[in-house]
Amino acid sequence: MTVQPIRLFGDPVLRTPADPVVDFDVELRKLIADLTDTMRDSAGAGLAAPQLGVGLRVFTFDVDDVVGHLVNPVLEFPDAEEQDGPEGCLSIPGMYFDTKRRQNVIAKGFNGYGDPLQIVGTGLMARCVQHETDHLDGVLFIDRLDPAGRKEAMKAIRQAEWYDDAAPPTVKVSPHAAGSPFGLGR
Numbered sequence: 001m002t003v004q005p006i007r008l009f010g011d012p013v014l015r016t017p018a019d020p021v022v023d024f025d026v027e028l029r030k031l032i033a034d035l036t037d038t039m040r041d042s043a044g045a046g047l048a049a050p051q052l053g054v055g056l057r058v059f060t061f062d063v064d065d066v067v068g069h070l071v072n073p074v075l076e077f078p079d080a081e082e083q084d085g086p087e088g089c090l091s092i093p094g095m096y097f098d099t100k101r102r103q104n105v106i107a108k109g110f111n112g113y114g115d116p117l118q119i120v121g122t123g124l125m126a127r128c129v130q131h132e133t134d135h136l137d138g139v140l141f142i143d144r145l146d147p148a149g150r151k152e153a154m155k156a157i158r159q160a161e162w163y164d165d166a167a168p169p170t171v172k173v174s175p176h177a178a179g180s181p182f183g184l185g186r
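Residue numbers (our numbering): 1 to 186.
Honestly, the hints are just simulated from the structure, not real lab data.
Any given hint could be a false lead.
[Claimed, not checked] Below are the DSSO-like pairs computed for lysine-lysine, each with C-alpha atoms no more than 27 Å apart in a straight line: (1) K100 / K30; (2) K108 / K30; (3) K108 / K155.
[Unchecked claim] Quick list of the computed label-pair ranges, beta carbon to beta carbon: (4) K30 / P147: 35 to 45 Å; (5) P78 / D164: 18 to 28 Å; (6) N111 / P17: 21 to 31 Å; (7) N111 / Q4: 12 to 22 Å; (8) G123 / R40: 15 to 25 Å; (9) R29 / P5: 40 to 50 Å; (10) Q118 / E152: 29 to 39 Å.
A virtual CB, placed ideally from N, CA and C, is assigned to each residue, including glycine.
Kindly produce the complete structure, drawing on both the sequences and the hints.
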C-alpha cells in the first residue's frame, strides 16, 4: 500500500475510457489499496484508477466516514431530482465549480474479490459516485459545465501554478444524451 502521484489535467489518461476489470486478483486489491491511501493522503472524497495512470474501471470513495470501492460500476438513477453545488477534483487541484448532478444514484458493481456490490447514494455520495464513474469514461467534471462555466474553468486552470501548457488540454462536451446533462445510466 502506497501513496501514488495523481495525474493532473492535461494528462491523456484522464481522457481515455478505462477498460473493465476482468481479473479480481491480488494486483487489483493492491490497486484498490493504493487508490485508498492516495485518496486519504490527498483528503479527497474519491479517486479513480485513471487518476493514478491505470486504465481500469475501479474507484475508491470516502464520504461521510464511509470508505469503500467499486469495480466496474454501472449507474442507475431512481428519479430525476437534481443537485447543484461546488465540485472539485484531485486532478484539477484547488478548483471548485458549481456542477449539476443527480441527487440520487444506485451504483452496481463488484468488490475487489468479484462479489456483487451495490451503493445507494444521495447528496454528496451520489455526487462522488457520478464524478468517479465519469473519470472511468474519460469525462471530467468541467465537461459537465455550461459553455460559460467551461470557459471560466479553463481560464482558472491556465492560471494555476500546477498547469503545464506544454501539453495542451482538451475539454469535451459530455457524451450523454442531449437535453440531459446526466445520462440515464451506463
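Each hint, compared with the structure:
With a CA separation close to 33 Å, the supplied pair K100 and K30 exceeds the 27 Å bound. A hinted pair counts as satisfied when its Cα atoms are at most 27 Å apart, and K108 with K30 qualifies at roughly 21 Å. Between the alpha carbons of K108 and K155 the distance comes to roughly 36 Å, so the proposed pair goes past 27 Å and is violated. Hint check: K30 to P147, Cβ distance near 41 Å, so the stated range 35 to 45 Å holds.
One distance hint, 18 to 28 Å for the beta-carbon pair P78 and D164, is violated here, with the actual separation near 41 Å. Distance hint for N111 and P17: a CB-CB separation of about 22 Å, consistent with the stated range 21 to 31 Å. Taken as a hint, the range 12 to 22 Å holds for the pair N111 and Q4, whose Cβ atoms sit roughly 21 Å apart. Between G123 and R40 the beta carbons are some 21 Å apart, a value that agrees with the proposed interval 15 to 25 Å.
In this structure the hint that R29 and P5 lie 40 to 50 Å apart at CB is violated, the actual value being about 20 Å. For the pair Q118 and E152, the beta carbons lie near 36 Å from each other, so the given range of 29 to 39 Å is met.
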